[in-house]
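There are 2 protein chains.
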Amino acid sequence: MEEAVGAIFSQGQRSIKIPVPVYIRASASIAGTKEGQGPFGDQFDVVGKDDRFGCETWEEAESTLQKEALALAIGKSGISKEEIRYLLAGDLLGQSIASTFGLGSFQIPLVGMYGACSTCGLAISMATVMIAGGMAEHAACVTSSHFASAEKEFRYPLGYGNQRPLSASWTVTGSGAFILSSVKSENDRAMIDGLTIGKIVDFGLKDSMNMGACMAPAACDTIYQHLTDFGRSPSDYDRIITGDLGSVGQKALWDMMREKGMDISKVHMDCGMEIYDRSQDAHAGGSGCGCCAVVLSAYILKQLEEGKWKRVLFVPTGALLSKTSFNEGQSIPGIAHGVELVSCK
Amino acid sequence: MEEAVGAIFSQGQRSIKIPVPVYIRASASIAGTKEGQGPFGDQFDVVGKDDRFGCETWEEAESTLQKEALALAIGKSGISKEEIRYLLAGDLLGQSIASTFGLGSFQIPLVGMYGACSTCGLAISMATVMIAGGMAEHAACVTSSHFASAEKEFRYPLGYGNQRPLSASWTVTGSGAFILSSVKSENDRAMIDGLTIGKIVDFGLKDSMNMGACMAPAACDTIYQHLTDFGRSPSDYDRIITGDLGSVGQKALWDMMREKGMDISKVHMDCGMEIYDRSQDAHAGGSGCGCCAVVLSAYILKQLEEGKWKRVLFVPTGALLSKTSFNEGQSIPGIAHGVELVSCK
Numbered sequence: 096m097e098e099a100v101g102a103i104f105s106q107g108q109r110s111i112k113i114p115v116p117v118y119i120r121a122s123a124s125i126a127g128t129k130e131g132q133g134p135f136g137d138q139f140d141v142v143g144k145d146d147r148f149g150c151e152t153w154e155e156a157e158s159t160l161q162k163e164a165l166a167l168a169i170g171k172s173g174i175s176k177e178e179i180r181y182l183l184a185g186d187l188l189g190q191s192i193a194s195t196f197g198l199g200s201f202q203i204p205l206v207g208m209y210g211a212c213s214t215c216g217l218a219i220s221m222a223t224v225m226i227a228g229g230m231a232e233h234a235a236c237v238t239s240s241h242f243a244s245a246e247k248e249f250r251y252p253l254g255y256g257n258q259r260p261l262s263a264s265w266t267v268t269g270s271g272a273f274i275l276s277s278v279k280s281e282n283d284r285a286m287i288d289g290l291t292i293g294k295i296v297d298f299g300l301k302d303s304m305n306m307g308a309c310m311a312p313a314a315c316d317t318i319y320q321h322l323t324d325f326g327r328s329p330s331d332y333d334r335i336i337t338g339d340l341g342s343v344g345q346k347a348l349w350d351m352m353r354e355k356g357m358d359i360s361k362v363h364m365d366c367g368m369e370i371y372d373r374s375q376d377a378h379a380g381g382s383g384c385g386c387c388a389v390v391l392s393a394y395i396l397k398q399l400e401e402g403k404w405k406r407v408l409f410v411p412t413g414a415l416l417s418k419t420s421f422n423e424g425q426s427i428p429g430i431a432h433g434v435e436l437v438s439c440k
Numbered sequence: 096m097e098e099a100v101g102a103i104f105s106q107g108q109r110s111i112k113i114p115v116p117v118y119i120r121a122s123a124s125i126a127g128t129k130e131g132q133g134p135f136g137d138q139f140d141v142v143g144k145d146d147r148f149g150c151e152t153w154e155e156a157e158s159t160l161q162k163e164a165l166a167l168a169i170g171k172s173g174i175s176k177e178e179i180r181y182l183l184a185g186d187l188l189g190q191s192i193a194s195t196f197g198l199g200s201f202q203i204p205l206v207g208m209y210g211a212c213s214t215c216g217l218a219i220s221m222a223t224v225m226i227a228g229g230m231a232e233h234a235a236c237v238t239s240s241h242f243a244s245a246e247k248e249f250r251y252p253l254g255y256g257n258q259r260p261l262s263a264s265w266t267v268t269g270s271g272a273f274i275l276s277s278v279k280s281e282n283d284r285a286m287i288d289g290l291t292i293g294k295i296v297d298f299g300l301k302d303s304m305n306m307g308a309c310m311a312p313a314a315c316d317t318i319y320q321h322l323t324d325f326g327r328s329p330s331d332y333d334r335i336i337t338g339d340l341g342s343v344g345q346k347a348l349w350d351m352m353r354e355k356g357m358d359i360s361k362v363h364m365d366c367g368m369e370i371y372d373r374s375q376d377a378h379a380g381g382s383g384c385g386c387c388a389v390v391l392s393a394y395i396l397k398q399l400e401e402g403k404w405k406r407v408l409f410v411p412t413g414a415l416l417s418k419t420s421f422n423e424g425q426s427i428p429g430i431a432h433g434v435e436l437v438s439c440k
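Protein chains in written order, with the working numbering: chain A, 96 to 440; chain B, 96 to 440.
A pair holds if it fits inside one copy or across any two, identical chains being indistinguishable in the list.
Quick list of in silico lysine to any residue cross-link-like pairs, SDA-like style, CA-CA up to 20 Å: (1) 247 with 421; (2) 301 with 152; (3) 279 with 115; (4) 279 with 116; (5) 397 with 288; (6) 247 with 258; (7) 176 with 104; (8) 418 with 199; (9) 301 with 200; (10) 247 with 423.
It should be emphasised that the hints constitute simulated quantities derived from the structure, not laboratory data.
In isolation and in its complexed conformation, chain A is listed as follows (with noise of 0.2 Å):
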């Protein structure tokens, strides 16, 4: 019989300390016009001049941003795409045909992954494992969402011009790819050294137009579980950042994570509340699988890379629900993947 390694904890604990080195090679990113516009817009990669990308339907405007973030992060990272063994993607459209007809032309072995907003976390945990398990020298993850095509998906169309409450949150435009290795290189911008991959927790909430409040429980379950399994304080990390549980969702998570007696105000940063200007009257925040995605690449990751951050945990934050179970009046109950990042530095 084998032995368990290293990377199991004890009963309990469901973290998983990464064995050996994973390093983020490179990453891409590009955006929609909005997020061209907010605080990181000149830091994206590409921001597009409008948010068709050129083609017929919104849905193809979002497998174009995936195929072009891919095969821009390719690009940089140096490795040829014959030799990324696996690519794991996913995105929020029903049967996540984003990633099918964004991806296809790679010609890459295919991960199909979906954990709504938060499958950019899941992703790269997953990549993470294979690579750590010795199955892959390399892997590409790669996320996106698109504002008209999720809001077909989930609302309403654009031409309905239906209003949207305080609470709301707006999908980002963008798409984010990341290619990992287990190979050091002169210009990796982080390592991957700690994963936790979360619960559904259901609160039973059910407004599609509060989905921070949604997914606030499950980014505090991952969090404090993170926490506890590596027995570490908030204090130790540069920042705890969350994907887009929005203004409302970070209220409630700060509340949360102070009942379970640990503060996380002064590290906490959310990617939904940062990636647009307050003048940009985007509500809650932005939301998405591509907004996270799209703030690691262009932001976080420059952080890491530059050595102003050491150590940064990263918890993309989603929602699981869809149109049908919307209508059919179910919860909306949410699930969070947290990723340990640190510098190379």
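Starting from the known structure of chain A, fit chain B onto it as the hints suggest.
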């Protein structure tokens, strides 16, 4: 620098030879009424009295299938719910809601997977990767489909009474759950020896009433890659088993394999062609995430368990489309993930 371990083949190959034994400790299957009347009817663990399984909606019924299948499989495994480190699951519905609402109550960290009808193979593959890589001791995999929820999701609500051509398949109502472990027991159903993660293969076909033809090229690609990577011929396997090609897809697969110089006709079996009797008027055969999952649990693993078969290549096949992609005139690419199963006898 860590060297890549034995799981890696050289470039151009893409299979994984599992470096440490991973066992299928237990499994369970639950199926609908039509499936219960078919050839495997008395081999499923549970057959529903009606296809609503006591629920108000088809989607909830499908969630119930997953919940019951997983509870049964855990019960048989002798492993407690708390010891199961990860749950890998998915289904065909938009945003995988059958899994969300079926599995939340187990409170096991969830890796959401999407591979259309190939998801069962993908989930088992990634659970195997996690266990073989030392990231988990025990993991569970669940997939499902439901005829009525799938018709609503992809084609027409049942009330429309639409007619179906003979090339159409019938989505299986059922769910299969599998408990995988690194720990050998007296009652393991089979061992997992190799994996071949599939690529997206797009021949440009667009007929959602002939998904067997859409998926056959992907099945061919994965089977050919698997046999080539491992240096084997079809006769080295007691069976090469596709998920849901149906009669039309089978013919296409055999022809394509012959063009590559391999005749699999003597060992090929398709779960979709076996799950219904010809008298049941299911046209090309069964399909869906649940089809190969229930056949694997009820029939394939039984043959391996009893030593009647020594080595099987299990290749669930998926058609990558959504209602939106279909209506927008996109093609229907296929994907197939190969899992090599060997008898413990």
